[in-house]
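Produce the entire structure from the sequences given, and follow the hints as far as they go.
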Amino acid sequence: QVQLQESGPGLVKPSQTLSLTCTVSGGSFSSGGYYWNWIRHHPGKGLEWIGYIYFRGSAYYNPSLKSRVTISMDTSGSQFSLRLSSVTAADTAVYFCARSRSGAMFYYYGVDVWGQGTTVVVSS
Amino acid sequence: QSVLTQPPSMSGAPGQTVTISCTGSSSNIGAGYAVHWYQRLPGTAPKLLIYGNTNRPSGVPGRFSASKSGTSASLAITGLQAEDEADYYCQSYDGSLSSWLFGGGTKLTVL
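Keeping their order, the protein sequence lines are chains A and B. Oh and the first sequence: position 90 is 115 in our numbering, straight run, nothing missing. Oh and the second sequence: position 37 is 64 in our numbering, straight run, nothing missing.
Calculated directly from the structure, the hints in this document are not laboratory data. Quantities reported herein were computed from a predicted structural model and do not represent experimental measurements. There could be a bad hint or two in this list.
Dumping the calculated PhoX-like pairs for lysine-lysine here, alpha-carbon to alpha-carbon at most 25 angstroms [as the list claims (entries may be wrong)]: (1) A:70 <-> B:134; (2) A:70 <-> A:91; (3) B:74 <-> A:70; (4) A:38 <-> A:70; (5) B:134 <-> B:74.
And the structure:
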């Protein structure tokens, strides 16, 4: 079964760029059928969808973060990445990579596979 | 502030039934987009509890059920158990924002 694992720095300075990678094992997103998401959880608040990428390389972002976010995939089909620029303390959160179904009825299915999450703190 | 509104906290005694609400608008739940529910135990990743408004993934106990009506949805947990103490989140898609939305989460305490 598919497993996801986030990796990256746990501490980022304000105004810098946060970079995280999600490694996919037990399957490959280059076979299609799924969106590969980044979702975060702010301390004491709810979950926030950041964006997702499809295996063909198309990416879709939360409008509130769109100007600062880039999600990309590597050519090996085993990793996808998140870059969030100009971070502030408000970007401190647990970041999850996760999988959801794609297709015309994508909204009918939830996020069925999650990574364990990685904590990122924005502080000088 | 989340566009999907949930009560911040709820509680119930073992064996009781609790119902968690999720209120949206005409551009998300009311537009016909499905509602999903997640359970998050402390220090763990969210777990898909309900998808497509009412469907339980394999392995989710039948004590968990959900419904949807108009611009709202609800998650019911019957026969409450100590292990159900967790945070619960609803999710839906917003057609106006072209974005997934999550509720602010409900912290369930089992007394």
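Hint by hint, here is what the structure shows:
no.: 1; hint: A:70 <-> B:134; verdict: 11 angstroms, holds
no.: 2; hint: A:70 <-> A:91; verdict: 20 angstroms, holds
no.: 3; hint: B:74 <-> A:70; verdict: 17 angstroms, holds
no.: 4; hint: A:38 <-> A:70; verdict: 22 angstroms, holds
no.: 5; hint: B:134 <-> B:74; verdict: 15 angstroms, holds
Consistency note: the structure conflicts with none of the earlier hints.
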